[in-house]
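Knowing the structure of chain A, use the given hints to seat chain B on it.
Number of protein chains: 2
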Amino acid sequence: MADHRDTGLTLDPKFDDNGLLTAVCTDRASGEVLMVAHMDAEAFAATVATGEAHFWSRSRKALWKKGESSGNVLRVHDIRIDCDQDAVWLICEPAGPACHTGRRSCFYRRVDGDRLVPAT
Amino acid sequence: MADHRDTGLTLDPKFDDNGLLTAVCTDRASGEVLMVAHMDAEAFAATVATGEAHFWSRSRKALWKKGESSGNVLRVHDIRIDCDQDAVWLICEPAGPACHTGRRSCFYRRVDGDRLVPAT
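Heads up: the protein sequence lines correspond to chains A and B, in order. Okay, so the first sequence: first residue is 0 according to numbering that gives the first Met the number 0, each after it adds one. Okay, so the second sequence: first residue is 0 according to numbering that gives the first Met the number 0, each after it adds one.
Treat the hints with care, since some could be wrong.
[Said to hold, decoys possible] Below, a list of computed lysine-lysine pairs in the DSBU-like style, where the Cα atoms sit at most 30 Å apart:
{"#": "1", "chain 1": "A", "residue 1": "K60", "chain 2": "B", "residue 2": "K13"}
{"#": "2", "chain 1": "A", "residue 1": "K64", "chain 2": "B", "residue 2": "K13"}
{"#": "3", "chain 1": "B", "residue 1": "K60", "chain 2": "B", "residue 2": "K13"}
{"#": "4", "chain 1": "B", "residue 1": "K13", "chain 2": "A", "residue 2": "K13"}
{"#": "5", "chain 1": "A", "residue 1": "K13", "chain 2": "B", "residue 2": "K64"}
{"#": "6", "chain 1": "A", "residue 1": "K60", "chain 2": "B", "residue 2": "K60"}
{"#": "7", "chain 1": "A", "residue 1": "K13", "chain 2": "B", "residue 2": "K60"}
{"#": "8", "chain 1": "A", "residue 1": "K13", "chain 2": "A", "residue 2": "K60"}
{"#": "9", "chain 1": "A", "residue 1": "K64", "chain 2": "A", "residue 2": "K13"}
{"#": "10", "chain 1": "B", "residue 1": "K13", "chain 2": "B", "residue 2": "K64"}
Please keep in mind that the hints were generated in silico from the structure rather than gathered at the bench.
Isolated chain A (complex conformation):
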């Protein structure tokens, strides 16, 4: 089964004990990592079907279309899946800031030893 998942061309996502995949979203233009979120089977299917990123909100325990309230949708240009099919990489065209803080990316701080500094 591991070999099948690793080497084959059969889509067989390996959801974790909570029924989730890890989803990494990058900006198609800049390559920057915009955000990391999670997808259940429904969110994954909705993303594939619509071409817009859907996740599972672990805090709200509900399907979450990114940008459903803000308008900052992530248009998905390409979906890649990793060797053991428990993580997906979404190559996106963002309609606006991906982060709830209003920043383009959620990764706006750099780890510098035991503290954080703004990423430039």
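What follows is chain B alone, placed relative to chain A:
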């Protein structure tokens, strides 16, 4: 606490119920996502201290220095942390293939509807 984590410059990683952060590794040169793995507090500290990527192996239940057997270490150029501090982005200089299959990246397949195709 959420605001503190989101807006401050205090490093305060939010480990999940299993004591893990999500770690996304990209290639500094190409921007490609190489792999997604997990870090416990020890792996995170070892990565910060040594500048080489360490993870928690969920299958082996042990600290795992990437490349410890293969030599394909990931030299970490930059560590970013996301708004809620439960995910890190490692900008890496890979010494060799990141994937156990020998491929440069674990994300060598593209989702095309209900099947996979080789990513080119």
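Hints, one by one, checked against the model:
1. For the suggested pair K60(A) and K13(B), the alpha carbons sit about 19 Å apart, so the restraint of at most 30 Å is met.
2. Taking the CA atoms of K64(A) and K13(B), the gap is about 24 Å. The hint holds against a cut of 30 Å.
3. Distance restraint check for K60(B) and K13(B): the Cα-Cα separation of roughly 20 Å lies within the 30 Å cut-off, and the hinted pair is therefore satisfied.
4. Note on K13(B) and K13(A): the hinted pairing holds, with a Cα-Cα distance of about 24 Å set against a maximum of 30 Å.
5. Pair hint K13(A) plus K64(B) holds up; C-alpha atoms about 24 Å apart against a cutoff of 30 Å.
6. A threshold of 30 Å between alpha carbons decides the hint, and for K60(A) with K60(B) the separation of about 28 Å falls inside it, so the pair holds.
7. With a CA separation close to 19 Å, the supplied pair K13(A) and K60(B) stays within the 30 Å bound.
8. Simply put, K13(A) and K60(A) have alpha-carbon atoms about 20 Å apart, close enough for the 30 Å limit, and the pair holds.
9. Only pairs whose Cα atoms come within 30 Å are accepted, and K64(A) paired with K13(A) is accepted, the gap being roughly 21 Å.
10. Annotation: proposed proximity of K13(B) to K64(B) holds, straight-line Cα distance about 21 Å (limit 30 Å).
When held up to the earlier numbered hints, the structure conflicts with none and fits them all.
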